[in-house]
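Chemist: In order, the protein sequences belong to chains U, R, X and C.
Heads up: the first sequence begins at 9 in the numbering used here, then just goes up one per residue.
Heads up: the second sequence begins at 9 in the numbering used here, then just goes up one per residue.
Heads up: the third sequence begins at 9 in the numbering used here, then just goes up one per residue.
Heads up: the fourth sequence begins at 9 in the numbering used here, then just goes up one per residue.
Among the clues, some could well be false.
Which copy is meant is left open, so a pair is good if it fits within one copy or across any two.
[Said to hold, decoys possible] Below, a list of computed lysine-lysine pairs in the DSS-like style, where the Cα atoms sit at most 27 Å apart:
{"hint": "1", "residue 1": "Lys159", "residue 2": "Lys202"}
{"hint": "2", "residue 1": "Lys240", "residue 2": "Lys159"}
{"hint": "3", "residue 1": "Lys159", "residue 2": "Lys231"}
{"hint": "4", "residue 1": "Lys29", "residue 2": "Lys240"}
{"hint": "5", "residue 1": "Lys231", "residue 2": "Lys202"}
{"hint": "6", "residue 1": "Lys146", "residue 2": "Lys240"}
No lab work stands behind these hints, which were simulated from the structure alone.
Number of protein chains: 4
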Amino acid sequence: MPISQLSVKAAAAASPAGLDKVALETAAVTRLLVAEGILDYSGHVSARVPGRDAFVVQNGATSRAEVTPDSMVVVDYEGRTVAGDGQPPSELAIHLQILKARPDVQAVLHCHSELAIAFTMMQGVQLVPMRARASRWKSGIPTHPDPSHIKRNEQGQALAQTLGPHHAVLMRAHGLVLVAESVQALFVDAVHFKENARALMEVLQAGASPLPLTAEEIAQIEKMESRDWHVKKLWNYYLRKCLAEDLLPRDWGAALIPSKEMMRR
Amino acid sequence: MPISQLSVKAAAAASPAGLDKVALETAAVTRLLVAEGILDYSGHVSARVPGRDAFVVQNGATSRAEVTPDSMVVVDYEGRTVAGDGQPPSELAIHLQILKARPDVQAVLHCHSELAIAFTMMQGVQLVPMRARASRWKSGIPTHPDPSHIKRNEQGQALAQTLGPHHAVLMRAHGLVLVAESVQALFVDAVHFKENARALMEVLQAGASPLPLTAEEIAQIEKMESRDWHVKKLWNYYLRKCLAEDLLPRDWGAALIPSKEMMRR
Amino acid sequence: MPISQLSVKAAAAASPAGLDKVALETAAVTRLLVAEGILDYSGHVSARVPGRDAFVVQNGATSRAEVTPDSMVVVDYEGRTVAGDGQPPSELAIHLQILKARPDVQAVLHCHSELAIAFTMMQGVQLVPMRARASRWKSGIPTHPDPSHIKRNEQGQALAQTLGPHHAVLMRAHGLVLVAESVQALFVDAVHFKENARALMEVLQAGASPLPLTAEEIAQIEKMESRDWHVKKLWNYYLRKCLAEDLLPRDWGAALIPSKEMMRR
Amino acid sequence: MPISQLSVKAAAAASPAGLDKVALETAAVTRLLVAEGILDYSGHVSARVPGRDAFVVQNGATSRAEVTPDSMVVVDYEGRTVAGDGQPPSELAIHLQILKARPDVQAVLHCHSELAIAFTMMQGVQLVPMRARASRWKSGIPTHPDPSHIKRNEQGQALAQTLGPHHAVLMRAHGLVLVAESVQALFVDAVHFKENARALMEVLQAGASPLPLTAEEIAQIEKMESRDWHVKKLWNYYLRKCLAEDLLPRDWGAALIPSKEMMRR
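Work out the full structure: start from the sequences and follow the hints.
Modeler: Here it is in structure tokens:
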């Protein structure tokens with residue numbers, strides 16, 4: 009049964025408003041990531057359902073550019089599909105095992121970013137924070153050695169272990185995982201992760217010695233930074249852009265755009 | 009006589025459903041390759057007609073972005089046009105000789121990919137599998153030395169010989185040939201071939217020592233891989249994208265998109 | 009109160025035509041810079057209000073792609089918002105302090121150009137004029153060391169000091185400021201700044217020794233150059249392009265496009 | 009008086025059909041070059057008027073994306089505007105002096121191609137034929153040393169002298185000139201020139217020793233090549249593409265697209 013019908017029926021029981029909201033946001037962020045060239049024919053976003061021991065992830069068969077809330081399936085932390093139509097993507101273990109291992113994380117992105125992959129193919133080169141916004145990844149960006157499809161729980165657990173307490177993990181010859189405190193923050197991180205990887209790539213390609221952010225610079229950046237405000241600003245910008253370009257159904261806008269009040273500082 | 013009329017008339021004799029289907033699929037894959045920037049003003053796709061000693065290829069005069077099933081000509085393995093309007097492209101010998109030499113191959117792409125060409129212009133540099141999906145080309149990617157238009161059968165035979173048992177052959181200063189078991193698989197290979205070539209190019213341009221896939225990594229990738237499912241997933245994604253962007257006539261969709269059942273695993 | 013209502017009301021007092029015009033031009037140049045990929049989710053343009061001790065800058069909450077004259081706030085040289093709805097962007101200090109320090113400057117752009125940032129991350133590499141149009145920056149392009157958000161007046165003053173008498177300043181790991189004699193000239197400078205940075209980047213990435221413009225070449229270029237005509241030509245081109253692509257409201261055109269007479273030499 | 013009215017009036021005297029045709033073709037090729045990113049805010053195409061001692065070039069004030077036959081002015085070989093509205097571009101001397109010096113040339117393109125400019129900024133690097141289609145430039149691609157606006161006849165003469173008998177000349181830190189036997193061939197050359205420059209750039213950026221076309225390879229390429237057919241094929245492709253994307257007025261198509269008969273070999 010599609011989620012939209014389910015949550016109406018289940019209104020009394022669980023947290024349908026929460027499920028509706030997270031399914032819509034996850035569908036929206038998937039389309040935004042397609043629009044930004046971060047997702048294409050594969051990759052997926054998962055997000056915890058508030059007030060429920062479960063998360064949403066799109067079913068494996070739906071085109072990323074056409075995802076709707078009804079493309080979502082609800083999966084519990086044993087990996088069982090507990091609601092929604094269709095089957096979760098074959099790489100479910102990525103999301104399941106990371107969400108289990110990291111209670112602080114609310115949303116997970118797995119994608120096949122060209123730039124991120126490149127940083128797993130160069131002997132002795134490490135992706136590090138170059139641009140101001142990349143202070144987010146100051147604790148490090150590890151690389152997981154398994155280059156294959158992550159289908160099994162053991163593979164997902166190994167990946168979660170490589171991720172450790174960090175916010176990003178590269179996957180050798182394959183892709184990338186990002187984790188964040190919300191789907192909105194996850195989207196904004198994905199934009200900045202790409203910017204930062206491109207920055208280091210440009211510098212390396214210029215044959216120059218890169219000058220990564222120093223610890224002092226990171227401290228100064230963080231002193232002047234408001235992550236929450238910044239996430240709202242970018243979410244507002246990209247959401248409106250996609251709505252204007254009809255990459256999102258127009259009627260999603262009202263539920264997704266931060267209210268005018270929220271945008272005032 | 010255009011193929012669409014022909015196959016109706018010839019319905020009793022040969023395998024018109026097969027011809028209709030392969031002509032439509034070949035036209036569609038041509039347009040998808042244009043949309044992805046893999047074909048542009050030249051290059052072509054050929055595909056065997058099931059149940060008949062012949063293959064389809066577009067006539068040379070039609071713009072790649074406007075190809076329809078009626079742009080196809082049917083050519084037998086002597087190189088004679090046996091059905092359809094117009095003449096085959098001047099580089100027919102590429103398709104003819106490869107299809108003759110490789111009974112396992114159902115579809116052939118010839119294109120002028122910038123990245124592929126670059127790998128024929130660099131002293132001592134060999135294009136190798138870097139990204140997980142490029143395990144497809146683990147047996148090697150040879151380079152054919154003839155940089156000219158392949159118009160003569162001897163030239164086509166020499167090219168087929170350089171290709172040998174592999175799935176790809178670079179053509180010095182000129183282009184690329186890919187071969188696969190279906191037009192859908194051919195399209196997906198073309199997408200991944202480009203990704204892989206770009207990956208190695210990026211790494212070389214960064215001045216780093218590339219770390220190609222090892223034999224162990226390829227074995228692990230193949231263990232977790234389902235080529236058929238993957239081909240269907242990407243075909244579905246790109247076909248829907250092109251339909252949504254009106255790069256394909258809307259009424260082609262029904263005949264081309266894998267049914268919902270097929271998309272369930 | 010939005011500027012459009014304000015200036016009608018204040019028509020007798022100050023210079024409403026001037027305010028209307030500069031608010032419209034600043035909104036237009038912001039959208040043009042978005043269309044050219046120079047602004048995106050952040051960055052802003054400021055411009056002095058003629059006949060008034062104040063300048064306009066967009067409020068911080070409006071998406072750059074949707075800015076209108078009513079998105080502008082009027083700020084005086086003490087940093088107080090004296091008209092318009094909403095609050096100035098959090099990096100107001102950039103504009104305020106540069107406009108205070110540089111009476112010759114009428115318009116200021118702050119953006120996060122990828123290429124400009126790259127030139128603050130490479131040991132021993134200096135961005136210099138390569139292409140003919142970059143003679144504009146012959147006096148030098150300094151780099152400001154503070155990589156953080158410029159929120160405080162002291163930070164803005166330090167930035168203005170690094171800018172000194174030049175027309176551009178890079179901001180370490182963060183972005184760029186350009187200054188010019190009008191918003192139109194500022195836009196044209198932004199286009200050429202990007203071209204020039206990309207030119208040097210391409211050359212460095214090719215592993216070649218760059219050949220920057222010599223003093224003699226710059227003298228020859230300036231002898232044959234008409235900056236005013238050139239600014240009008242490019243403004244006309246980009247404005248019409250954005251109007252044609254509906255990136256600007258159609259009814260802005262009449263007020264913004266140089267008249268046919270102006271375009272005659 | 010605009011050309012469209014002029015040629016009707018002058019129908020008895022000169023060669024109005026010729027003027028109409030060349031003005032339309034020159035307008036069309038200008039828009040095609042904009043669509044391909046080869047022209048943008050500046051640059052221009054000139055073409056001889058058949059049966060008349062004069063050539064057409066667009067007036068300097070019209071946006072390149074909006075050029076029509078009526079944007080053309082007719083200029084004689086003394087540089088006098090003899091028909092059409094507006095003034096020729098300020099760099100008229102480029103076209104005038106090259107058309108005077110090279111009776112074999114029918115059409116001239118001046119543009120500011122980023123890639124071409126890059127090859128005037130790298131110590132000891134020479135742009136040479138890499139890709140098969142670049143055999144066109146086997147005689148060499150000289151670089152003209154004057155980086156400034158070419159406004160004076162002496163500057164144009166010096167440029168024509170550097171061009172000599174070749175088909176292309178780079179202009180230091182400024183741009184490029186291509187010459188050909190027709191506007192259609194000029195367009196196709198522009199596409200291939202860019203491809204070839206990008207090919208060499210990619211190879212250099214990969215840090216590899218480039219392998220340019222050898223004399224033997226060029227001989228083999230030319231043996232198999234039909235320039236006329238190739239020009240028609242590409243003209244057909246790009247013209248239809250621009251018509252389909254509404255970058256050219258639809259009613260230009262009939263006059264510009266090679267007839268079906270012409271497309272048959």
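Chemist: Taking the hints in turn, state whether each one holds.
Modeler: Hints and how they fare:
no.	hint	verdict
1	Lys159 to Lys202	both (26 Å within a copy, 25 Å between copies)
2	Lys240 to Lys159	between (34 Å within a copy, 18 Å between copies)
3	Lys159 to Lys231	between (41 Å within a copy, 11 Å between copies)
4	Lys29 to Lys240	within (17 Å within a copy, 31 Å between copies)
5	Lys231 to Lys202	within (23 Å within a copy, 30 Å between copies)
6	Lys146 to Lys240	within (22 Å within a copy, 40 Å between copies)
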